[in-house]
Amino acid sequence: MKKVTTLILALTISIFAACVSTQDCRVTGLAPGQTYVYMYDDSSGELISGEFTAQEDNYVLTEIDSRIQCSDINVSKLYIAEYSDR
Amino acid sequence: MISMNRSQKARYIAASILFACIALAAFAVWRSSASLRDRNQLNDSADNKAKLHARIRDGFGREVQFSLDGSPGRIRDSVNSFERFIFKRSGLKLSARVKTKLADMEARTLNGSSRRISVSELDEILSEVAIHRLAALTDEDIKHTDETLRGFQTDDMPDQTWNRSALKLPGRLLIVSSEKFIERMKSLREKSTSADSEAMKGVIRSFVDNSLRESASRLSEALPEQFGGVWDSTNNRDGAGLTPLQALTLTYSFASGDLLCDSDENLHKYMSGLQRAITKLRGQPHPMPEGHLAFGPNGYITSAPLDVVFDDDTFSFLLDRIRERSGR
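Top line first, the protein sequences correspond to chains E and F. Using my numbering, read the first sequence as starting at 1 and increasing by one per residue. Using my numbering, read the second sequence as starting at 87 and increasing by one per residue.
It should be emphasised that the hints constitute simulated quantities derived from the structure, not laboratory data. Be aware that a few hints might be false.
Which residues of chain E face chain F? A few of them, derived with a C-beta cut under 10 Å, are [claimed, not checked]:
| # | residue |
| --- | --- |
| 1 | Leu-78 |
| 2 | Ala-81 |
| 3 | Tyr-83 |
SDA-like cross-link-like pairs, simulated, lysine to any residue; straight-line CA separation at most 25 Å [unchecked claim]:
| # | chain 1 | residue 1 | chain 2 | residue 2 |
| --- | --- | --- | --- | --- |
| 4 | F | Lys-266 | F | Ser-303 |
| 5 | F | Lys-137 | E | Asp-24 |
| 6 | F | Lys-277 | F | Asp-406 |
| 7 | F | Lys-366 | E | Ser-76 |
| 8 | F | Lys-272 | E | Asp-65 |
| 9 | F | Lys-174 | F | Thr-240 |
| 10 | F | Lys-137 | E | Asn-58 |
| 11 | F | Lys-266 | E | Gly-29 |
| 12 | F | Lys-135 | F | Ser-206 |
| 13 | F | Lys-287 | E | Val-60 |
| 14 | F | Lys-272 | E | Glu-63 |
| 15 | F | Lys-229 | E | Thr-22 |
| 16 | F | Lys-272 | E | Ile-80 |
| 17 | F | Lys-135 | E | Tyr-79 |
| 18 | F | Lys-272 | F | Leu-255 |
| 19 | F | Lys-229 | F | Arg-270 |
| 20 | F | Lys-355 | E | Asp-65 |
| 21 | F | Lys-287 | F | Ala-222 |
| 22 | F | Lys-272 | E | Asp-24 |
| 23 | F | Lys-229 | E | Glu-63 |
| 24 | F | Lys-287 | F | Pro-310 |
| 25 | F | Lys-366 | E | Ser-49 |
| 26 | F | Lys-287 | F | Glu-276 |
| 27 | F | Lys-266 | E | Ser-21 |
| 28 | F | Lys-266 | F | Asp-282 |
| 29 | F | Lys-135 | E | Asp-57 |
| 30 | F | Lys-266 | E | Leu-47 |
| 31 | F | Lys-366 | E | Glu-46 |
| 32 | F | Lys-185 | F | Thr-240 |
Beta carbons are placed, not taken as given, at the ideal position from N, Cα and C, and that holds for glycine.
This is chain F alone, in the form it adopts within the complex (with noise of 0.2 Å):
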């Protein structure tokens, strides 16, 4: 008798705590979804793409040629606008030795030696090379990424809180201490070397697949010429796939945060432009955009720490997962 009522006291319990967790996961969901509506506009959105399309021909169309044949001198010069257009852009280097493991790659694709890889199989490669790069992040990495992300920052800024509340990731803003990242990020450095570091990948995918289709969709209607078929827009689903330039551009565009808009001079009256808005917004000077880079670390439009995503050692990584994939 006694056993049984402590039986049915167990399974009170655990009923009273199962409840209250549907309960708060209903609540929770029903919060997740609340939506919030810009109070100052209700933009058209085929105009804000209109704009959007425009922007990224005046940046990427016309700073970047993408060679269509496999002729070697073509892909070396593709190659080469491309690493130029992201370097003044974000201070990302590539090095001679990945240019000219990609300039390789890239011929064998155009001439048929080796198969375009699909979006999704690009977000399974992205999951791959960040279980790779987490595992080999230093504190002194982890500490750099929580700086960047919080946004551009000089230290005769008149306000230091100015966004240092929340860590901008792709397409979410993240409201979190500097204490607690850190905290997470080396938890899951540790995840990344166990058997944990499998349902860590498919959570990345999650994360990353909305953001890599969107690209792709957006590059391929804006850029016909360079991405025209890689996504199938009417579909929404994976078009003739992607080149490993193709896919390095979307790799950038998602781990910098530059959609690729604006040429040289339309990109300096960007920031120029969101200097004084800011400024008058807060009734303080915000600093000048002379001397700094509109992406990258420290990015005067987003900062995101590219030097740390990016070392030789991951380019190639995600190089060799690429040509593995795209072998025939």
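Isolated chain E, as found in the complex (with noise of 0.2 Å):
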């Protein structure tokens, strides 16, 4: 019985680690046709880093790592002279 559940335990953990291994962020409230930067420390520590210009009001970031806090993703408008408020 003891060996059944380990077994269970297993298959359960591994589903979980199968199934939210990733997770999709949605940064809301942009402005189309701005230009915005991405930054964040997946994690193993590397900086995940770049920009995107967005077409829409809203953004997906797409497989982040679940382990990473959607909050802690760092997106911010550059600002481009004539272009951007503050």
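Using the hints, build the complex out of the two chains.
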């Protein structure tokens, strides 16, 4: 019975790891046509960064490591003279 | 009795797995809906919209003239002005064969021989086009797609990690390694020629649908002379429909990430501003925009593999599907 319990536990943990290894984080309140910068440290401490130009008022960051909190991802608008409000 | 115990154990295992998956699914949904707020801005959306519309009028509105009647000369001018506009921004070129076919279809629609297609129909057509193109992708095309979707890059960029962790798809950023993405694309290529292709069309439609509607709504409000009535923004539903040239404009905008904003001069100003902003942010010189296009493969603002997506065969396939749908 102990073996069965261990097996179930191992199976559940592996399913858990497989099912929620990534997540989506939605950024809202964006201005279409404006460029934004995103930055965060992934679970191995590596900096993930880059820029994107919003096409709608929201943007989804897909397949983010589930150990990262969405709120820890820094998204900020790039100030481009004549095109952005500060 | 023994078999009863096994059965109970089996049910216990199944129930545990089921419970775990339900709990995980609920957790995943909760995490997915977690919203980020941009910390540096809380712009008024009406103000953003007005500014965006002004930029679209300064770009597409000023540089592309659509013919409102079916006269062949004016239609040819429309097609040429559209081609010039997309070429100088993204490098995408229409062949003479495609331009002739497009002009002929536009004339038939404007003189009433063919009907306009709805935005929903364009969505269906684009899912067919995607499957068609996916099935014919070479390994080289897939590798190029991966490199291109990771954003603008030059060999002399100081930090080669900038932008490289994510693929920029319309409306979303996909954090994935090249190895995984290439593997997935190859698997999708196989599925596109199997019985799974119908299910894939559904997935593609759901991905394209919202962007097309947004785009149709935005253009019908920003450019009523060229796109008025294509989308019923009040009721958020299909309007009078799209001519082939309007449909191609929406398709280009979706695939390239080009919102059709800004004249040549202002687009260059935006790119120069972007260069200064990224340089300031990162404390390292970001490459200058000179010699680079804003959109298309290795586009300075948004990089998209338009050379892979829209080869001549795919353009013809797209126009043929539009012609089939618009036949009276």
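Out of the numbered hints, which ones does the structure contradict?
4, 5, 11, 16, 20, 24, 32
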